[in-house]
Amino acid sequence: MSMYLNTIVVLFTGIGWIFFLGATVGILRFPDFYTRMHAAGKGDTLSTMMILFGFAAYQLHHPDLASLLVAFKIVFIAVLIFITGPTATHAIMDAGYGSKIDHWGTRDGSVSHCLIKEDERS
Amino acid sequence: MENYFVLLGTALILLMFLTLVRVVKGPTAIDRLIGVNVIGTKSTLLILIIGASLGRIDMFIDIALAYALLNFMVSLATARFFQRNRSAGMIEKEEVEL
Amino acid sequence: MFGFMTFLLMFGLWITMSGKFDLFHLALGVISSAIVAMISGDLLFQDRQKGFGYRLLQAGRFVQYAVWLVAQIIYANMYVLKLALTTKKMDQVLDPYIFSFKPHLKTPFAQFVLANSITLTPGTVTIRIEDGVFLVHAITGPAAGDLEDSDVINGMERRVAAVFEPEILHQIEAGK
Amino acid sequence: MKIIALLVSVALGVILLVATNDLPEWGDPQSPASTHLSRYYIENSMEQTSVPNFVTAVLADYRGYDTMFETAVIFCAGITVLTILRRSHRRKKKDVQPRPCREGQDIILKSAARLIAPMMQLFALYVLAHGHHSPGGGFQGGVISGASFILLSIAYDLEMLLSRLKERTIMFFSGLGVLIYAGIGAICLLLGGNFLNYSSWSKILQVSEVEARSHGMLGIEIGVFITVTFIMISLYADLASGGEMDEGL
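Taken in sequence, the protein lines are chains A, B, C and D. Numbers 1 to 122, taken from the numbering used here, label the letters of the first sequence in order. Numbers 1 to 98, taken from the numbering used here, label the letters of the second sequence in order. Numbers 1 to 176, taken from the numbering used here, label the letters of the third sequence in order. Numbers 1 to 249, taken from the numbering used here, label the letters of the fourth sequence in order.
Careful: at least some of the hints might be erroneous.
Selected chain C positions facing chain D (Cβ under 7 angstroms, derived; list incomplete) [said to hold, decoys possible]:
hint, residue
1, Met-10
2, Leu-13
3, Met-17
4, Leu-28
5, Ser-32
6, Val-36
7, Ser-40
8, Leu-43
9, Leu-44
10, Pro-108
11, Phe-109
12, Gln-111
13, Ala-115
14, Ile-129
Honestly, the hints are just simulated from the structure, not real lab data. Beta carbons are placed, not taken as given, at the ideal position from N, Cα and C, and that holds for glycine.
Model the full assembly from the supplied sequences, consistent with the hints where possible.
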């Protein structure tokens with residue numbers, strides 16, 4: 001039983017680590033702010049949630065009430081990250097777009113359209 | 001299992017240092033903010049890992065929860081601040097002052 | 001009514017967090033939940049039109065939606081992982097652009113859920129919502145078509161609408 | 001000028017480094033703190049105060065004076081910022097620049113803040129109430145609780161916060177916290193004990209002296225909590241709006 005549980009913990013945390021690796025490499029390698037934000041927003045949220053679920057599974061080693069409540073708390077943090085992660089991503093993205101960070105891309109038409117709209121407003 | 005958590009923590013710190021490269025390189029302030037945000041979220045996990053490797057995860061969970069909440073606050077506040085002064089989007093010149 | 005619901009939710013959260021069931025801590029929990037319900041009871045529920053039972057129904061449907069969303073998030077992460085690790089030259093593979101669209105969803109909370117879902121699904125991040133118009137940054141490989149025209153966003157909007165605003169489902173079907 | 005500043009800071013750093021030589025070794029078991037004080041707290045705090053977390057016992061009971069003046073320092077900081085920054089008259093309308101960011105329109109931030117702020121407040125109260133058993137207490141809970149209000153004012157704007165909490169209310173409560181702390185100590189005097197010796201409270205609360213110390217600690221933590229919460233809100237409101245109280249971050 002304990003063996004299976006440990007396998008689950010290692011599996012979850014390991015997968016979380018791999019996704020975090022993807023996010024990190026994405027943040028380092030992607031060419032502009034917006035694409036980096038893609039890597040950060042998605043990878044950060046999921047990898048944190050995965051590793052948290054791994055910890056929640058680790059709490060099940062001693063299935064008494066106190067450990068279960070701690071596991072619930074960890075799941076609560078995961079839910080919180082599920083809400084806050086995309087929201088923070090959006091806030092940073094909005095700040096970057098608002099301060100007119102240059103956009104890297106080949107399809108100039110749609111982009112310039114949006115930026116002109118931004119200019120008119122301010 | 002404690003050893004595994006120490007290993008996991010080391011691996012996370014390694015990747016956090018890699019993310020720190022983006023914080024140092026920039027080029028704009030908001031690029032740095034991405035790195036800081038990611039590192040902050042992962043610090044929540046590091047606190048939990050310390051708790052698990054010490055065997056007192058029930059103590060550290062409160063700290064982790066508080067950290068997660070405050071980190072969200074920090075990201076929002078900094079994003080809002082940079083949204084306000086538009087100079088954040090400019091690529092910073094090399095002007096290091098003592 | 002909604003203040004009382006906030007109180008109940010907060011007290012449930014308190015019991016989960018506290019883990020102490022003696023009278024003293026439970027009394028503190030009741031007091032704390034009452035304080036929170038008093039000072040921010042108007043925050044938790046935005047839409048006051050619907051009743052209590054309907055909320056539970058929505059919560060049940062939302063859990064279903066969340067399961068689907070988690071699958072999408074995993075897919076999105078594998079996409080990012082593939083992009084980050086396997087591409088040799090970024091400028092040949094990446095093709096980012098910004099588009100805008102106007103969903104049929106009306107309530108702010110449904111828009112919030114849709115925006116965060118867009119952020120978490122593969123290839124798209126919501127930049128901002130302005131007067132109900134979503135501004136979305138998309139990143140695709142050259143082989144993939146426009147996310148804008150594809151069924152991705154529409155399908156997601158339909159799912160969100162099925163959870164929160166079932167009455168506008170036919171509009172989405174008609175508008176497609 | 002910069003060179004002078006550099007020299008001064010380097011000199012200060014060297015002096016501090018030299019001074020650390022005279023401090024006891026880090027974690028030295030023979031240092032006075034470890035041989036007398038720590039052992040006393042570790043051995044006696046549980047039976048004297050019935051608080052399992054003896055950090056809380058040391059902070060709120062054995063060193064109650066210290067914590068009281070820390071709270072007072074926080075209060076003074078809030079008052080100072082208010083005195084320096086707060087301007088009662090508003091800028092003329094034409095001077096006000098149109099805001100670059102679309103504050104108060106952001107549905108995503110608003111919805112997230114509405115979801116998270118009540119949870120943060122409850123968590124803050126939980127941290128406050130469980131300071132006896134887990135890491136936490138008035139300062140930590142106060143910071144989280146203050147942050148929840150700041151979150152609301154970031155997501156909406158400062159006016160929304162100030163319509164929920166009037167400036168007058170904020171300052172009233174931040175003073176009230178210090179008053180609660182000092183008042184609990186002063187009532188000990190009236191009951192015939194020493195200042196901040198909560199065991200005197202046993203006469204009023206009808207519990208044993210040890211229990212009374214535990215409850216007294218909770219009381220002063222509540223005082224700290226209130227002060228820290230409202231001073232944080234006041235600091236944010238003053239600093240973010242430059243004393244104008246018209247627009248937030």
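Going through the hints against the structure:
no.	hint	verdict
1	Met-10	holds (5 angstroms)
2	Leu-13	holds (6 angstroms)
3	Met-17	holds (5 angstroms)
4	Leu-28	holds (5 angstroms)
5	Ser-32	holds (4 angstroms)
6	Val-36	holds (5 angstroms)
7	Ser-40	holds (5 angstroms)
8	Leu-43	holds (4 angstroms)
9	Leu-44	holds (5 angstroms)
10	Pro-108	holds (5 angstroms)
11	Phe-109	holds (5 angstroms)
12	Gln-111	holds (5 angstroms)
13	Ala-115	holds (5 angstroms)
14	Ile-129	holds (5 angstroms)
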